[in-house]
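S.K.: Each chain, letter by letter, is given below.
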Amino acid sequence: MSDIAEMTKSIVVEDTFPHAPAVVWRALTEGGLMAKWIMPPTGFAAVVGQEFTFQTKPLGKWDGTIHCQVLTVEPERTLAYSWAGGADDNAGYGSRLNTVVTMTLEATAGGTRLRLEHAGFDLPRNAVAYQNMSDGWKVVMGRFGNVLPEAGDGQNG
Amino acid sequence: MMQDPNLSALMRALADPTRRGLYERISEAAEITVVDLTAGSGVSQGAVSQHLKALREAGLVAERPEGRRVFYHATPEGLAPLVTWFDHYGLFWRDRFTDLRRLLQQLDPKEDSDV
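Keeping their order, the protein sequence lines are chains A and B.
1 is the number of the first residue of the first sequence in the working numbering; add one for each residue after it.
1 is the number of the first residue of the second sequence in the working numbering; add one for each residue after it.
It is possible that part of the hints are untrue.
[Unchecked claim] Computed list of lysine-lysine pairs in BS3-like fashion (alpha-carbon distance at most 27 Å, straight line):
id : chain 1 : residue 1 : chain 2 : residue 2
1  : A       : K57       : A       : K9
2  : B       : K110      : A       : K36
3  : A       : K61       : B       : K53
[Said to hold, decoys possible] These stretches of chain A come out as covered by chain B in the derived footprint (C-beta under 8 Å, 3 or more residues):
id : segment
4  : 9 to 18
5  : 24 to 32
6  : 92 to 104
7  : 107 to 121
[Stated by the list, open to error] Heads up, incomplete: computed chain A residues facing chain B, CB under 7 Å, no partners named:
id : residue
8  : K36
9  : W37
10 : I38
11 : L59
Hints are computed from structural coordinates only; laboratory data are not their basis.
Here the structure is a predicted model, which is why all the values come from computation and not from measurement.
Beta carbons are placed, not taken as given, at the ideal position from N, Cα and C, and that holds for glycine.
Here chain B stands alone, though its shape is the one from the complex (with noise of 0.2 Å):
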């Protein structure tokens, strides 16, 4: 079976559990700095930097500069290696029957009735 590089170099990057730290935290921010990601890492600025470039080049998170600070976000589609065609639409035809469940209440509407 063909082993896709990106598939690799994106579950090297999320085995370290400090950088997939790093990433947790990118992901629930809009947008940090390096120097925010710092503060109760545990870890220096410089390793840091270190995970960060690594998160980049797995595809995980992109930079925006503005000014003298660099911004850090997550990527979501990224994680697409990660994430089977199954899980997927596991999660979405769940999603689709509760849209499904409002959108026949909308077509014949029945009166609300505790069971």
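The shape of chain A in the complex, shown without the other chains (with noise of 0.2 Å):
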């Protein structure tokens, strides 16, 4: 129904790595090696039906615990999992989250096209922060990004 394709949306990231599907597949898939892109996952193991964790910073009500479950695995060629998190009290970033993440592979020439998707956000409850901020907004985003992602405390040491 595109009434519901109108009230979430994706995040796709897309790139060419220069390594055979078998080494992108170890980064997608081994606690350690995610560890080193995207957060340390506590409880991962690429089965299905896998419940697992990412630990980011608390947010009024929300602890800062994602909360995921593994949903696809086809080795090489795609991983999914159910990404989780915020409160309900929490506005915009921290609010409630409901979303996938899957990635797919595909073997190339000279390497690996991996895609990323990011579904089901849910922007209706942020609509209003968006019309109404206009030239505020690019002031925001920039002092914003340098200082919530951190996602990967830790990683620095």
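Using the hints, put the two standalone chains together into the complex.
M.R.: Printed below as a string of structure tokens:
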């Protein structure tokens, strides 16, 4: 239904890496390696149904935990997991979040094309903020970008 | 749709160009006093104080008294209501791909070659 399509949005990031799908798959599915580019997972295993978490900074009534469950495992082809967190009391970043991350690998001549889709963002709640901020918005994003992505806490040490 | 009172306060606080200018200067400085903020602001110290009060109530800045002076600093988490998950993860995943590229190079070293 188009109504649903209009209410949620996806982020898609795609890139080609000069490494075989087997190497990329390791980076997506070994906890120690996931820690080096996403965040350190707790309880991860590349098994459908497996639940695991990522820990980020608490905000308001949200303790900062991202709750995930593995949804799809097709070795060297597809990995998908749910990605949920937030609290009803928060607005914007930190609000209730119920999304799915899907990573798709495709072998290319010199390596692997990786497509990451993060789907299910619910935008109506923030539409007002968007519309009213206009020029203030750009300033805000610049500042915020430097501070909140502390997903990688502890990676620098 | 429920309108978050914090969000309204935040948007009001940043809607004023003078206040937004002050907020930018506080963000750029690690810490700054009212006196330093007033210099170059084009408004009186009393007006600056009023703007600071609004920014403080919106959760955008915090103060730290030291002796007779009060230092202000930005509290970036106050901006959270204005930043959607969507914006956050748009930046987040692009950065993560950069880290992934570095990690893959470590796992599976390739000679650098210019395209």
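S.K.: Please go over all the hints and tell whether each is borne out by the structure.
M.R.: Status of each hint after checking the structure:
1. For the given pair, K57 of chain A sits about 24 Å from K9 of chain A by alpha-carbon distance, which is consistent with the 27 Å threshold.
2. Of the pairs offered as hints, the one joining K110 of chain B and K36 of chain A holds, with about 19 Å between alpha carbons and a cut-off of 27 Å not exceeded.
3. The hinted pair formed by K61 of chain A and K53 of chain B meets the criterion: a straight-line CA distance of about 25 Å does not exceed 27 Å.
4. Closer than 8 Å: that is the beta-carbon criterion, and the segment 9 to 18 of chain A has 6 residues meeting it against chain B, so the requirement of 3 holds.
5. Check result for the segment 24 to 32 of chain A against chain B: holds, 3 residues qualifying (beta carbon to beta carbon below 8 Å, three or more required).
6. For the segment 92 to 104 of chain A, the stated coverage by chain B holds: 6 residues have a C-beta nearer than 8 Å to a C-beta of that chain, and at least 3 were required.
7. Counting residues of the segment 107 to 121 of chain A whose beta-carbon sits less than 8 Å from any beta-carbon of chain B gives 4, enough to reach three: the coverage restraint holds.
8. Annotation: interface hint on K36 of chain A holds; nearest CB of chain B at approximately 5 Å, less than 7 Å.
9. Interface restraint check: W37 of chain A against chain B, minimum CB-CB distance 4 Å, threshold 7 Å, status holds.
10. Restraint check, I38 of chain A versus chain B: the minimum CB separation of about 6 Å is within 7 Å; hint holds.
11. Satisfaction of the interface hint for L59 of chain A is found here, the shortest Cβ-Cβ separation to chain B being roughly 6 Å, below the 7 Å cut-off.
Checked against the numbered hints given earlier, this structure breaks none of them.
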